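K.L.:
These are the residues of each chain, in order.
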Amino acid sequence: MTEATAKPGDATALARLRTAARALARRLSVDGRTGVIALPYAWLFVFFFVPFVIVAKISLAQMVLQRPPYTAFLLWPDGQTWPTIQVFWSNYAWLLQDPLYWIAYLNSLKIALVSTVLCLLVGYPIAYGIARTPATVRTLLLLMVILPFWTSFLLRVYAWIGILKQKGLINAALMSLGIIDQPLDMLHNDFSVYVGIVYSYLPFMILPLYATLEKLDVSLLEAAEDLGARPIRAFFTVTVPLSLPGILAGSMLVFIPAVGEFVIPSLLGGPDTLMIGKILWNEFFSNRDWPVASAVTIVLILVLVIPIVILQRQQVKAQEALE
Amino acid sequence: MDRTPTPSEDRTSRTRTPQVGARGAPVRPRDPAPEPWEDPNAQPYVRIEGVTKRFGEFTAVDNTELSIYQGELFCLLGASGCGKTTLLRMLAGFERPTSGRILIDGQDVTDQAPYARPVNMMFQSYALFPHMSVEQNVAYGLKQDRVGKDEIRRRVHQLLDLVQLDPWAKRKPHQLSGGQRQRVALARALVKRPKLLLLDEPLAALDKKLREQTQFELMNIQDEVGVTFVVVTHDQEEAMTLSTRMAVMDRGRVQQVGTPTEVYEFPRTRFTADFIGSINMFEGTVQEVHDGRVRVAADRVPCGLEVDSAVRVRDGQRVWFSVRPEKLRVRPDDGGELAATNALRGTVRDVAYMGDTSIFRIDCGPGELVEALQPNVFRSRKREIDWDDPVIVEWSTEAGLVLTE
Amino acid sequence: MTRRLSPFVITMMVFGFAFLYGPIVSLIVYSFNESKLVTVWGGFSTKWYGELVRNEQILEAAFLSLKIALMTGAIAVVFGTLAGMALARYGSFRGRTFFTSLVTGPLVMPDVIIGISLLLMFVSTQQWFGWPQGRGVDTITIAHATFCMAYVTVIVQSRMSALDGSIEEAALDLGARPAKVFFTVTLPIIAPACIAGFLLSFTLSLDDLVIASFVSGPGSSTLPMVVFSKVRLGVSPQINALATIIVGIVTIAVILAGILMHRQEKRRQADIQQALQQAGY
Numbered sequence: 598m599t600e601a602t603a604k605p606g607d608a609t610a611l612a613r614l615r616t617a618a619r620a621l622a623r624r625l626s627v628d629g630r631t632g633v634i635a636l637p638y639a640w641l642f643v644f645f646f647v648p649f650v651i652v653a654k655i656s657l658a659q660m661v662l663q664r665p666p667y668t669a670f671l672l673w674p675d676g677q678t679w680p681t682i683q684v685f686w687s688n689y690a691w692l693l694q695d696p697l698y699w700i701a702y703l704n705s706l707k708i709a710l711v712s713t714v715l716c717l718l719v720g721y722p723i724a725y726g727i728a729r730t731p732a733t734v735r736t737l738l739l740l741m742v743i744l745p746f747w748t749s750f751l752l753r754v755y756a757w758i759g760i761l762k763q764k765g766l767i768n769a770a771l772m773s774l775g776i777i778d779q780p781l782d783m784l785h786n787d788f789s790v791y792v793g794i795v796y797s798y799l800p801f802m803i804l805p806l807y808a809t810l811e812k813l814d815v816s817l818l819e820a821a822e823d824l825g826a827r828p829i830r831a832f833f834t835v836t837v838p839l840s841l842p843g844i845l846a847g848s849m850l851v852f853i854p855a856v857g858e859f860v861i862p863s864l865l866g867g868p869d870t871l872m873i874g875k876i877l878w879n880e881f882f883s884n885r886d887w888p889v890a891s892a893v894t895i896v897l898i899l900v901l902v903i904p905i906v907i908l909q910r911q912q913v914k915a916q917e918a919l920e
Numbered sequence: 564m565d566r567t568p569t570p571s572e573d574r575t576s577r578t579r580t581p582q583v584g585a586r587g588a589p590v591r592p593r594d595p596a597p598e599p600w601e602d603p604n605a606q607p608y609v610r611i612e613g614v615t616k617r618f619g620e621f622t623a624v625d626n627t628e629l630s631i632y633q634g635e636l637f638c639l640l641g642a643s644g645c646g647k648t649t650l651l652r653m654l655a656g657f658e659r660p661t662s663g664r665i666l667i668d669g670q671d672v673t674d675q676a677p678y679a680r681p682v683n684m685m686f687q688s689y690a691l692f693p694h695m696s697v698e699q700n701v702a703y704g705l706k707q708d709r710v711g712k713d714e715i716r717r718r719v720h721q722l723l724d725l726v727q728l729d730p731w732a733k734r735k736p737h738q739l740s741g742g743q744r745q746r747v748a749l750a751r752a753l754v755k756r757p758k759l760l761l762l763d764e765p766l767a768a769l770d771k772k773l774r775e776q777t778q779f780e781l782m783n784i785q786d787e788v789g790v791t792f793v794v795v796t797h798d799q800e801e802a803m804t805l806s807t808r809m810a811v812m813d814r815g816r817v818q819q820v821g822t823p824t825e826v827y828e829f830p831r832t833r834f835t836a837d838f839i840g841s842i843n844m845f846e847g848t849v850q851e852v853h854d855g856r857v858r859v860a861a862d863r864v865p866c867g868l869e870v871d872s873a874v875r876v877r878d879g880q881r882v883w884f885s886v887r888p889e890k891l892r893v894r895p896d897d898g899g900e901l902a903a904t905n906a907l908r909g910t911v912r913d914v915a916y917m918g919d920t921s922i923f924r925i926d927c928g929p930g931e932l933v934e935a936l937q938p939n940v941f942r943s944r945k946r947e948i949d950w951d952d953p954v955i956v957e958w959s960t961e962a963g964l965v966l967t968e
Numbered sequence: 005m006t007r008r009l010s011p012f013v014i015t016m017m018v019f020g021f022a023f024l025y026g027p028i029v030s031l032i033v034y035s036f037n038e039s040k041l042v043t044v045w046g047g048f049s050t051k052w053y054g055e056l057v058r059n060e061q062i063l064e065a066a067f068l069s070l071k072i073a074l075m076t077g078a079i080a081v082v083f084g085t086l087a088g089m090a091l092a093r094y095g096s097f098r099g100r101t102f103f104t105s106l107v108t109g110p111l112v113m114p115d116v117i118i119g120i121s122l123l124l125m126f127v128s129t130q131q132w133f134g135w136p137q138g139r140g141v142d143t144i145t146i147a148h149a150t151f152c153m154a155y156v157t158v159i160v161q162s163r164m165s166a167l168d169g170s171i172e173e174a175a176l177d178l179g180a181r182p183a184k185v186f187f188t189v190t191l192p193i194i195a196p197a198c199i200a201g202f203l204l205s206f207t208l209s210l211d212d213l214v215i216a217s218f219v220s221g222p223g224s225s226t227l228p229m230v231v232f233s234k235v236r237l238g239v240s241p242q243i244n245a246l247a248t249i250i251v252g253i254v255t256i257a258v259i260l261a262g263i264l265m266h267r268q269e270k271r272r273q274a275d276i277q278q279a280l281q282q283a284g285y
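Residue numbers (my numbering), protein chains in the order written: chain E, 598 to 920; chain Y, 564 to 968; chain L, 5 to 285.
Heads up, a few of these hints could be off.
[Claimed, not checked] No farther apart than 20 Å at their CA atoms in a straight line, the calculated lysine to aspartate or glutamate pairs in the EDC-like style are these:
(1) Y:Lys733 to L:Glu269
(2) Y:Lys735 to L:Glu38
(3) Y:Lys772 to Y:Asp729
(4) Y:Lys735 to L:Glu269
(5) Y:Lys706 to L:Glu173
(6) E:Lys764 to L:Glu38
(7) Y:Lys733 to Y:Glu764
(8) Y:Lys771 to Y:Asp862
(9) E:Lys707 to E:Glu819
(10) L:Lys184 to Y:Asp708
(11) L:Lys71 to L:Glu55
These aren't lab readings, by the way, just hints derived from the structure by calculation. Just so you know, these numbers come straight off a predicted model, no measurement behind them.
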């Protein structure tokens with residue numbers, strides 16, 4: 598505070614210069630702020646945004662046997678000042694021609710959609726129950742929802758193999774109880790994929806639902822009942838509409854990653870479980886056709902743009918409500 | 564600043580002579596020393612010169628001029644969104660004026676960062692550091708100035724003593740009551756002996772009883788430390804009790820600056836008259852100006868209005884004649900002759916019994932409800948004047964006021 | 005608020021938690037099974053643990069994964085905290101919308117997309133600038149830090165938004181410069197969020213299979229990659245043993261955190277008691 602308390606009369610030229618410099622810096626807002634934004638911005642730009650541009654670029658190339666295994670985007674023959682751009686649309690044409698791809702896209706969307714609805718049906722009562730238990734128990738239950746998230750996703754999916762397979766836990770239990778004579782086929786089909794996805798993504802559904810349900814004022818329900826609504830009716834006319842933001846956020850958090858899921862279909866799915874994540878993996882690692890894999894990626898991103906935008910809108914709204 | 568005539572019966576002066584740093588028994592100046600804002604030779608301590616602040620299209624503060632003198636407790640009063648908080652934040656350095664200058668003690672601080680200003684602020688939310696004890700909170704500002712350890716301890720405890728919080732020094736903010744938190748915030752803002760202390764709605768978070776008590780505490784503390792206070796409040800009673808002078812703000816502009824008495828008794832605009840307390844207003848035309856007495860013909864009440872006024876008006880001018888409810892006298896209608904001016908016949912439509920006083924709403928013609936406040940002088944079970952009673956409302960020529968804008 | 009729960013809700017909760025924990029319990033139980041078959045209980049045994057600790061491939065991969073996870077956590081916390089601060093405090097700045105999309109994008113983007121696009125970028129930059137020289141620990145760490153950052157950002161941002169902004173203004177007002185305000189006021193208050201962000205990044209990095217598979221090179225197989233190649237072939241009791249160890253570590257960590265928090269609460273209560281006595285109540 599030394600400068601501030603100094604009388605204006607005895608301000609030296611140096612002090613005046615310093616004040617002027619600081620005022621200039623404030624006007625240009627060259628301060629810590631810029632750095633705070635610039636560092637993460639630069640990182641994300643380079644390692645998250647640029648890669649997509651490169652993928653888009655490679656999706657317009659053709660596979661060749663060289664390193665890297667695709668044709669160049671810019672051709673620069675000797676003596677030419679400006680490079681020529683070399684674009685092939687053949688990969689996208691290929692995606693349209695071969696039914697394998699669009700069947701895989703549609704199947705992924707179907708599996709993700711069904712899993713999302715199942716997650717909602719299972720998750721809603723749980724989230725509702727947690728939000729309505731006393732505060733002490735609530736913390737414990739919440740912790741129990743989050744805890745599996747901290748243990749390996751891969752290992753938790755793997756656990757279902759032992760449970761669902763022909764000589765697995767469920768079949769053994771049902772047969773020893775005499776309910777069935779023949780083991781049920783539960784592994785390596787769509788059923789096991791649904792089980793895997795619902796199991797893995799359930800916490801992503803419960804947590805946003807819980808967050809909105811917890812904020813819900815019980816007196817609203819009491820008001821509804823006071824005005825003559827039966828509890829069930831009060832639930833569907835008050836609780837459900839007010840928890841819509843949570844339903845939307847939770848659904849998107851399950852749906853989006855489920856569309857591109859790879860681990861679950863490859864461990865629990867069968868040979869005819871076509872999901873785009875698996876196709877992409879195979880295209881890349883087995884067929885080594887990078888341009889086609891890039892095209893598959895670009896189309897997948899386009900498919901996911903709408904749900905991602907919905908989710909981000911939702912998050913921005915929630916953030917604004919918080920502020 | 565041009566002001567309305569100052570009333571002779573001004574309240575007891577509460578301005579302090581400059582005594583920054585002078586500890587010990589405060590010296591309370593006695594009249595007849597003139598108040599600094601009445602003294603043409605006095606230098607203002609804080610000067611806000613033509614300050615405007617825009618946020619995009621929205622003008623929060625519009626070309627504002629204010630002078631605040633040393634030792635004042637100056638209130639910025641207005642409804643929410645009137646620009647008072649923005650003005651305060653510009654004094655603190657959190658917002659930079661779009662144009663204009665701010666000077667504190669002769670120094671231009673317009674472009675000074677908040678951490679470099681000799682100004683401290685008490686926040687509406689108190690903004691106590693939750694991870695520090697009371698003591699550490701108060702010491703924080705001194706640590707930034709690299710004050711010695713012993714000196715810090717001495718000054719922190721001096722301040723905690725002043726706000727009677729010494730026994731709570733080791734506590735964290737969440738272990739304190741609302742009133743205690745408020746006092747920590749005050750101590751923290753005062754410990755650096757700022758040239759100017761800014762208080763943003765200092766009492767808003769307290770309940771009514773505590774608020775009244777704290778008002779007086781705040782005034783006593785200011786007396787003791789002699790720092791110039793600028794208080795932002797939306798509560799007119801608070802502003803009336805606390806301030807030496809106040810500025811009434813509306814939509815980014817200062818409507819009027821003056822002592823509480825001036826602002827209450829001599830509002831310059833209809834906005835100020837209406838914002839501070841309640842008031843009856845009759846629109847009309849000036850009929851005659853004679854010897855400091857103005858006669859107004861009201862549009863909607865059947866009586867002549869007469870008032871002693873120094874406001875310059877001319878014949879035929881549209882004016883608003885206003886009179887405060889407590890300056891009216893209500894008596895039962897005895898059917899006698901009505902005075903030629905400043906008297907109305909009416910019917911009681913509403914009576915609100917407040918204990919010490921009663922408020923009457925009297926219907927004096929189509930759509931003209933006059934509000935009158937009467938002290939309950941006698942103890943009685945039965946009201947002297949009740950619903951639907953015919954009454955006469957009268958007032959003297961000194962009671963009213965002519966407003967032109 | 006509490007309200008009486010219907011039997012339906014209680015039943016759903018019981019089944020829900022059984023569904024969440026059943027598979028984990030079965031993993032643990034069968035890690036102690038002498039027999040290799042899931043359906044046959046061959047008696048209690050710790051032999052799979054013995055095999056696990058002698059499996060050098062797994063140990064090496066685990067060590068590599070821990071190394072990557074630690075570095076990932078450190079980078080993600082620094083950058084994520086900065087990003088969270090920028091989003092919570094700086095209001096609207098140029099490019100904010102784009103920045104928000106960049107930050108939240110990795111949260112929902114399927115792993116395969118992140119993996120393939122980062123790999124293709126690394127291949128391209130190697131071709132253009134000669135960086136990175138081959139792929140391995142560095143590229144995996146960069147990839148993990150990029151998507152973990154998003155989680156840290158969200159945690160820090162929500163913590164800071166809930167915080168009264170005038171606390172930092174008060175510190176500025178009391179004479180602290182912005183950098184000092186950050187280290188003496190902001191950071192201590194958001195520290196729990198940063199720690200949570202670090203732990204989450206650490207776990208997510210340790211857990212990731214898909215992204216690491218894309219951006220790793222020969223000789224740098226992380227633990228999930230080794231586990232995946234094993235479980236693809238079917239049930240392996242060694243993996244059960246590994247899962248049990250991981251679950252054990254997480255559970256112990258959670259219990260420790262719980263005890264710490266409980267102690268802190270008790271100390272706080274004691275403080276209040278003491279203060280009350282001093283005040284003469």
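K.L.:
Take the hints in turn and mark each one as holding or not.
P.N.:
Against the structure, the hints:
no.	hint	verdict
1	Y:Lys733 to L:Glu269	holds (16 Å)
2	Y:Lys735 to L:Glu38	violated (56 Å)
3	Y:Lys772 to Y:Asp729	violated (23 Å)
4	Y:Lys735 to L:Glu269	holds (13 Å)
5	Y:Lys706 to L:Glu173	holds (16 Å)
6	E:Lys764 to L:Glu38	holds (17 Å)
7	Y:Lys733 to Y:Glu764	violated (27 Å)
8	Y:Lys771 to Y:Asp862	violated (41 Å)
9	E:Lys707 to E:Glu819	violated (39 Å)
10	L:Lys184 to Y:Asp708	holds (12 Å)
11	L:Lys71 to L:Glu55	violated (23 Å)
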